[in-house]
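A.B. asks: Quick mapping for you: the protein sequence lines, in order, are chains A and B. First residue of the first sequence? That's 1 in my numbering, and the numbers climb one at a time after it. First residue of the second sequence? That's 1 in my numbering, and the numbers climb one at a time after it.
Do not take every clue at face value.
[Unchecked claim] Covered stretches of chain A, as calculated for chain B (at least 3 residues, CB under 8 Å):
#1 54-64
#2 67-76
[As the list claims (entries may be wrong)] When the alpha-carbon atoms are kept at most 27 Å apart in a straight line, the in silico BS3-like pairs for lysine-lysine are as follows:
#3 64(B) x 26(A)
#4 116(A) x 26(B)
#5 64(B) x 25(A)
#6 24(A) x 152(B)
#7 89(B) x 152(B)
#8 26(B) x 88(B)
#9 30(B) x 24(A)
#10 89(B) x 26(B)
#11 26(B) x 144(A)
#12 64(B) x 125(B)
#13 30(B) x 89(B)
These are computed hints drawn from the structure, not numbers from a lab. Note that this is a predicted model, so its numbers are computed, not measured. The beta-carbon is built from N, C-alpha and C at its ideal position, and this holds for glycine as well.
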Amino acid sequence: MNMEWWILFSVYVVATGILFFIPKKKRRLAVVAFLFKQIITFFWGLVAVELGLLEYPIRLFASINRTSFTYEFYAFPVICAAFNVWYPNGRSPLFQWGYYVGYTTVLTIVEVIIEKYTLLINYIHWEWYITWITVCLSFFIARKFCVWFFAKVSV
Amino acid sequence: MLIERLILVAMWLFGFVGLILFIPRKERRKGFLSLLMFQTFVWLCDMFAFQYNLMSAPVREFPKATDLPLTIDYFFYPVLFSIFYINKKVNRSLSSKITYFCVWISGVSIFDNVIERYTDLLKYKISPWYGMWIYIGFLFFVSQFCCNWFYKDRSLFQVERLETK
Chain A
1 MNMEWWILFS VYVVATGILF FIPKKKRRLA VVAFLFKQII TFFWGLVAVE LGLLEYPIRL
61 FASINRTSFT YEFYAFPVIC AAFNVWYPNG RSPLFQWGYY VGYTTVLTIV EVIIEKYTLL
121 INYIHWEWYI TWITVCLSFF IARKFCVWFF AKVSV
Chain B
1 MLIERLILVA MWLFGFVGLI LFIPRKERRK GFLSLLMFQT FVWLCDMFAF QYNLMSAPVR
61 EFPKATDLPL TIDYFFYPVL FSIFYINKKV NRSLSSKITY FCVWISGVSI FDNVIERYTD
121 LLKYKISPWY GMWIYIGFLF FVSQFCCNWF YKDRSLFQVE RLETK
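Same shape as in the complex, but just chain A (with noise of 0.2 Å):
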C-alpha cells in the first residue's frame, strides 16, 4: 500500500523535474505539447475506465475520479513535452522512428511493471500491446499537431 503512493509521489518530483530541463527557447512548445496531450488523455482515460477496460485501484481525488489523474493530467503529458523538446528534426525517417519506438517502448514496458507488482493499475481487458499502439498513436498526433501549430505562426 504504501510503496504506492511513494511510487506517485516520485512521480510527481520526476515529471516536474523533467520540466526544469526544458531549455527556456522551448517552453511554448512544451506547453503546447502538454496541453495538446491532455484532450487525448482525459477522453480516452475516461472511456477506458467507464467500459472497464482498466482499473487504478489506488489513485488521487479517488472519491471522485476513478481515472489516474497523476498519469492522465501530469506525467504522460509531461512526458510528451519532453518528446516534442527534444525531437530528433532533420534526422532520417529511420531514426525518428526509433525515437517514437524508444519512448513508446519504454513506457509501456513501466507501465507493465507497475501492472504486475502495485495496485496503481490493473488491466481487466486489457493487453500490453494495445498500451503500445495507443501510446504510439498518441505520440504521433500529438507531434502532427504540434508542427500545425508551429507552422505558421499568426501573431
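The hints should help you fit chain B onto chain A, whose structure is shown.
C.D. replies: Below, chain B alone, put in the same frame as chain A:
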C-alpha cells in the same frame, strides 16, 4: 433525464457552431491554445471543487469513470473562453477591458446558475450565489494570464517554429 441529455447535445452543437462562427480562420491556432489552456485549469480546479463537495454533477456522461461533467469541463466552457479570448480587443482602455471581462463572467455565471437551478447537470453545495461568479472569474483570469504570457514574445515563437519544421 431527457432534458439534461438534450442540453448536453445542444452544448456540443452550439459549441462547434460557436467555434466556426466566432473564431476567424487565421486565429484558429490562438483559439485552440486558449481552449486547451482553459480546459486544463477548469479540469484541475473542478477536481478539487468536486473532491471537497462544493459541487456535484448528478447527470453526467461517464457516471462510472468520473464525477466530473465532461461536456461542460472538457468542451463547452473551454469553447466559451476561447471565443472570449479571441474576440477581446487588445488596444482598448482598461475600463472597457474590465467591462468586457465582467460581462462575460456574468453571462457565464448566469448560464451556470440556470443550469444548476433547473437541471440535474450541476448542483452547488455550499457556494453562495456570487461564489460561482468568483470561481469562473478566477478561471478566466488565470487562463487569460497564461495565454497572454504565451503570446507575449514573438521572437521566441520563431525559434519554436524552426524547431518543429
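A.B. asks: Please flag the earlier hints that this structure goes against, numbers listed from lowest up.
C.D. replies: 3, 4, 5
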